[in-house]
Amino acid sequence: MASVPKPDELAKIDHKPPKTGWMDTPVKFRRGTWLYAAKPKYLEAIGFPNPREWSPEDEDWKLPPNWKEIILEGLRERLGRFRSLQLFMDTCVRCGACADKCHFFIGSGDPKNMPVLRAELLRSVYRRDFTAAGKIMGKLVGARDLTVDVLKEWFYYFYQCTQCRRCSLFCPFGIDTAEITLLTRELLNLVGCNVDWVMGPVANCYRTGNHLGLEPHAYRDMVEFCVDEIENVTGIRVEPTFNRKGAEILFITPSGDVFADPGIYTMMGYLILFHEIGLDYTLSTYASEGGNFGSFTSHEMMKRLNAKMYAEAKRLGVKWILGGECGHMWRVIHQYMDTMNGPADFLEEPVSPITGTKFENAKSTKMVHICEFTADLIKHGKLKLDPRRNDHLKVTFHDSCNPSRAMGLLEEPRYIIKNVCNHFYEMPENTIREQTFCCGSGGGLNADENMEMRLRGGFPRANAVKYVHEKYGVNMLACICAIDRAVLPPLMEYWVPGVRVTGVHELVGNALVMEGEQERTTDLRGNPLLGMDDDKNA
Amino acid sequence: MGILVSLLAVIVLILIVYLGVGVANLQFVFGVIVPYVAMVTFFAGIIYRVMKWASAPVPFRIPTTGGQQKSLPWITAARFDNPYTTAGVIGRIALEVLLFRSLFRNTRVELREGPKLAYYWEKWLWLAALMFHWSFLIILLRHLRLFTDPVPYFVSLLEGIDGFLRVGLQGLFITDILIVAAATYLFIRRVIIPQVRYISLPADYFPLFLILGIVLSGVLMRYFFRVDVTAVKELAMGLVTFSPKVPEEGIGVLFYTHLFLVSVLGAYFPFSKLVHMGGIFLTPTRNLPNNSRAFRHINPWNYPVKVHSYEEYEEEFREKMKKVGLPVEKE
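Keeping their order, the protein sequence lines are chains A and B.
For the first sequence, the numbering used here gives the first residue as 68, with consecutive numbering after it.
For the second sequence, the numbering used here gives the first residue as 31, with consecutive numbering after it.
In short, the hints are calculated from the structure, not lab data.
Take the hints with a grain of salt, since some may be wrong.
[Unchecked claim] Restricting the straight-line Cα-Cα distance to at most 25 Å, the calculated cross-link-like pairs of lysine to aspartate or glutamate (DMTMM-like) are:
| # | chain 1 | residue 1 | chain 2 | residue 2 |
| --- | --- | --- | --- | --- |
| 1 | A | K386 | A | E416 |
| 2 | A | K386 | B | E344 |
| 3 | A | K83 | B | E152 |
| 4 | B | K352 | A | D347 |
| 5 | A | K386 | B | E359 |
| 6 | A | K381 | B | E342 |
| 7 | B | K146 | A | E76 |
| 8 | A | K381 | B | E361 |
| 9 | A | K79 | B | E152 |
| 10 | A | K73 | A | D91 |
| 11 | A | K538 | A | E516 |
| 12 | B | K336 | A | D347 |
| 13 | B | K352 | A | E76 |
| 14 | A | K312 | B | E152 |
[Claimed, not checked] A few chain B positions that, by computed beta-carbon distances, are all more than 10 Å from chain A:
| # | residue |
| --- | --- |
| 15 | M69 |
| 16 | I105 |
| 17 | L195 |
| 18 | G201 |
| 19 | L269 |
All C-beta atoms in this analysis are idealised placements derived from N, C-alpha and C, irrespective of residue type, glycine included.
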C-alpha cells in the first residue's frame with residue numbers, strides 16, 4: 068500500500084487540465100488511487116467470466132482474445148435494453164455544469180473525474196461503433212476506437228465513481244453517471260476486469276448471505292455480543308430471534324452493523340428500540356445482508372443477491388420487511404427490488420403494529436425504512452426519550468447519497484435526531500440534503516489500497532464537517548449508511564480530527580428510556596454521560 | 031483546434047452559397063432543393079431518433095430525487111423536485127423544459143486557503159441558456175409570418191411584444207439582441223473556462239458558429255441590407271404549399287446564405303447533440319414519479335437469474351446451525 072500524503076499536501080489540488088488532450092493522455096496507475104483485481108476464486112464462486120490472477124499495474128491484463136467483440140456486443144445489448152443509456156450517450160451538450168459537482172474532481176483535479184468526461188470515455192466508443200457521424204468523422208465528433216488503453220482508462224475511472232448521482236441532480240438533461248458507471252462496469256465484468264473489494268463481498272454474500280462471509284452461527288454470535296453490551300449499559304437483556312417462522316416482521320440491515328465499530332452501536336440501538344416497543348420481529352442469517360455489492364457490479368448480480376430478501380420473507384411467513392440504515396441498500400430496495408424480484412404478493416401492506424400507521428408509500432414493495440418507522444413512533448409519542456443522554460454530543464447529519472438522491476429520505480432522520488439530541492447543527496446547504504456530498508468511498512471503493520483516492524473524494528464532505536466542527540464544536544457525525552460508518556471515521560481522522568461517527572439509531576438507543584433499566588452512566592460506547600463524572604464525585 | 035475547424039466549416043458553407051448563388055446562379059438549388067432536402071432530413075432524422083429512443087424500454091424507475099419524498103402524512107413532500115404523482119412529474123418536466131430547473135441549481139466551487147471549499151452563486155450559464163433558447167423559439171415563431179397567409183394573430187402579437195423598442199421608425203427585436211449576446215456568452219464561456227474548453231469538441235463549436243451565422247445574416251438582412259420581404263414570403267409560401275417558385279429578384283446572396291445555414295442546421299440537427307431537445311422529455315431520471323415502493327414498475331425483459339436458495343444454504347450450514355440452536359427446515 069502506498070503511503071498517503073499529509074492533508075496540507077493532499078489539499079494542494081490543481082484543477083487546471085493538462086496540456087495534452089484527454090484522448091491523448093493515457094491513464095497512469097498510481098498506487099493509492101486504484102483497487103486490486105478480483106481473486107479468481109470469487110469470480111468462480113458466482114460464475115463470472117475470465118477468472119485469473121492479474122493486476123491493473125501489469126502490461127498484459129490477460130483479456131480473452133475476442134475481448135473487443137465481447138464488449139461491443141455487450142454495449143449493443145445494453146443500448147437495446149436501457150433507454151437511459153441511449154439518451155445519456157446522445158444528449159450531453161458538454162455544458163460542464165456537472166464538472167465541479169463531483170467530489171472526485173473537486174478532490175483530485177483530474178479532468179477525467181468530471182462526470183462529463185467520465186461519460187465521454189464510454190461515449191467516444193459508442194460514437195465510433197454505433198453512430199454514423201462517429202464512423203465517418205471520428206475525432207471531430209469525439210469518437211475513438213476501443214483499445215486496451217481505453218479499457219484500462221475505463222477500469223481506472225469507472226472505479227473512481229461512487230455512483231452517488233450528485234452530478235445527475237445538476238445536469239439539465241438528467242444524465243445519470245451512476246447508470247453509466249454501472250453499465251460500464253457490467254461491460255468490464257464481461258471480460259473479467261473487476262475489483263477484489265467488490266467481488267469478494269459479492270461472492271461472500273451469495274454463499275453465506277452477507278458481505279463479510281459470516282456463517283450463520285458466527286452471525287448469531289455477533290448479534291449476541293451486541294446483546295451483552297446492551298445488558299452492560301442498561302441492565303436489560305434483549306432477546307432477538309433468528310430465522311423464526313411466524314414473526315410479524317423480518318428485519319434486515321447491513322452486516323456491517325453487526326460486525327464493525329461503530330456500526331455495532333447502531334445495531335444495539337435497533338435492538339433496544341425493538342425490545343422496548345415489543346416488536347414481533349426476527350433476524351435472518353440467510354438474508355443477513357441489507358447492502359448489495361451486486362449493485363456495484365451489474366444489474367443481474369444486484370438481482371441475484373437481492374432475491375434473498377423476498378425469498379426469506381416468504382419462507383418465514385412474515386407480514387412485511389423492515390430495513391436498517393444503509394445507503395445503496397435503499398437505492399436497490401426503493402428503485403429496483405420490486406421490479407426485479409417482486410411482486411411481493413405473499414406479504415401484507417406494511418402497518419406499524421405500535422401506532423397503526425399504514426406505510427402507504429411502501430404498499431407494493433412492502434419494505435419500510437427504519438427511519439420512517441421510528442419517526443412515526445416518535446410522532447405518536449410511543450417512545451420515552453431523554454435527549455440529555457446525548458448532551459455530550461454535538462451532532463451534525465450527513466445525508467447518504469442514495470437515500471437523498473434516489474429516495475428523498477431527508478426529514479425522517481432529522482426529525483429523529485432532533486428528538487433524541489439537544490445539540491444538532493446542519494452543515495452548509497450546498498453540502499446536505501439532495502446536494503449532499505459522498506463519503507468518497509461508496510460504490511465499492513472503500514478498500515485500503517485506494518486510500519488516497521478515498522481521502523480525496525471525501526474531501527468536500529470532510530470540509531463541510533470541518534466548518535461545523537470549528538463553528539459549533541460539532542464532535543459527532545451522524546449518518547444512515549453502513550459504508551459511511553465504516554469509511555467516515557478514517558476520513559474524519561485525516562481531515563477533521565476530533566469528530567466521530569454514529570448511526571442515527573445509536574443516538575436513539577442512547578436516549579430511549581427503557582422500562583426497568585438501570586440508571587445509565589454511559590452511552591452505548593461506554594463513554595460517560597455528561598454530568599455523570601461530577602455526580603459520582605459529589 | 032476544434033474552434034478553427036468549426037469556424038472554417040461555417041465559412042466554407044457561406045462560400046458555397048456565394049459561389050452557388052452569386053456566381054453560378056443556382057437560385058433554385060439553394061432556394062428550393064436544399065431547403066426541401068434539409069426539411070426531409072430534419073423530420074425523418076428526428077422521427078428516427080425519437081423512435082429509436084422510445085423503442086428502448088425503461089427497465090427501472092430511477093428518478094433523481096431533488097427533495098423530500100412522500101412518506102409519512104405529516105412530512106411535507108417536494109411536489110415537483112421529488113414527484114410522487116403523474117401531475118407532479120408533468121410539473122417537474124415543465125419546470126425543466128421551460129425554466130431549466132436543474133441548471134438553476136448550478137454553483138461554482140472554489141478551493142481557498144485553509145483548505146476551505148466555497149460554493150458560489152453561479153447562474154450565468156442558466157441565464158444565458160434560458161435567454162438563448164427562449165429567443166430562438168420566439169424568433170422561430172416570428173418567422174411564421176413568412177409561411178402563413180393570413181398571418182395568425184399570435185404571431186403579430188409576439189412581434190409587437192418582441193419589438194416594443196423602437197429605434198427610429200424601425201422596430202428592434204429584443205430577441206435579436208438577446209440571442210446574439212447569449213450565443214456569444216456561451217461561446218466565450220466555452221473558450222475561457224479551462225475545464226469546459228478541455229471537454230469541448232468541434233461538434234460543440236460548430237452548432238454555435240452555425241447559429242451565430244444564421245442570426246447575424248438575419249440581423250444584417252433586417253436592419254442593414256434590407257431584402258424584399260414580399261419576395262421572401264413568395265418563396266417561403268411556395269415552399270410550404272409545395273408549389274416552389276423562385277422570385278425573379280429582390281432577394282440576394284445574403285438571404286440565400288441565411289436560408290442555407292438554416293438548412294444545414296436542420297439537416298445536422300438529428301445527428302448531433304442538438305437532439306438534447308427531445309431527450310429531456312424522455313429521461314427516466316426526470317420523467318418518472320418517485321413512487322416505486324408504492325406501485326410496482328415492470329421491466330419488460332426481466333429474466334430469471336441464478337440464485338443461491340435457502341435450501342442450498344441450509345444444506346451447507348445445517349450442522350453448524352443446529353449446534354447453536356438456529357431453527358432448520360430439515361432435521
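Hint by hint, here is what the structure shows:
Restraint check for K386/A and E416/A: the C-alpha separation of about 8 Å stays at or below 25 Å, so the hint holds. For the hint pairing K386/A with E344/B, the CA-to-CA distance comes to about 23 Å; that is within 25 Å, so the pair holds. Restraint check for K83/A and E152/B: the C-alpha separation of about 19 Å stays at or below 25 Å, so the hint holds. Note on K352/B and D347/A: the hinted pairing holds, with a Cα-Cα distance of about 23 Å set against a maximum of 25 Å.
The suggested pairing of K386/A with E359/B holds, with an alpha-carbon distance near 20 Å, which does not exceed 25 Å. Restraint check for K381/A and E342/B: satisfied, since their Cα atoms lie roughly 16 Å apart, inside the 25 Å limit. Among the hinted pairs, K146/B with E76/A is consistent with the structure: their alpha-carbon atoms are about 14 Å apart, no more than 25 Å. For the hint linking K381/A to E361/B, the alpha-carbon distance of about 20 Å falls within 25 Å, and the restraint holds.
Distance restraint check for K79/A and E152/B: the Cα-Cα separation of roughly 24 Å lies within the 25 Å cut-off, and the hinted pair is therefore satisfied. Distance restraint check for K73/A and D91/A: the Cα-Cα separation of roughly 31 Å exceeds the 25 Å cut-off, and the hinted pair is therefore not satisfied. Of the supplied pair hints, the one linking K538/A and E516/A is violated, its CA atoms being roughly 33 Å apart against a limit of 25 Å. Under the criterion of a C-alpha separation no larger than 25 Å, the hint pairing K336/B with D347/A is inconsistent with the structure, at around 32 Å.
Pair hint K352/B plus E76/A does not hold up; C-alpha atoms about 55 Å apart against a cutoff of 25 Å. Among the hinted pairs, K312/A with E152/B is inconsistent with the structure: their alpha-carbon atoms are about 57 Å apart, more than 25 Å. Separation of M69/B from chain A is adequate, the least Cβ-Cβ distance of about 19 Å exceeding the 10 Å criterion. At roughly 5 Å, the least C-beta separation between I105/B and chain A is not larger than 10 Å, which violates its mark as non-interface.
Distance check on L195/B: its Cβ is at least 30 Å (rounded) from any Cβ of chain A, clearing the 10 Å threshold; non-interface status holds. Distance check for G201/B against chain A: the nearest CB is about 32 Å away, which clears 10 Å, and the non-interface claim stands. The Cβ of L269/B sits about 27 Å from the closest Cβ of chain A, beyond the 10 Å cut-off, so the non-interface label holds.
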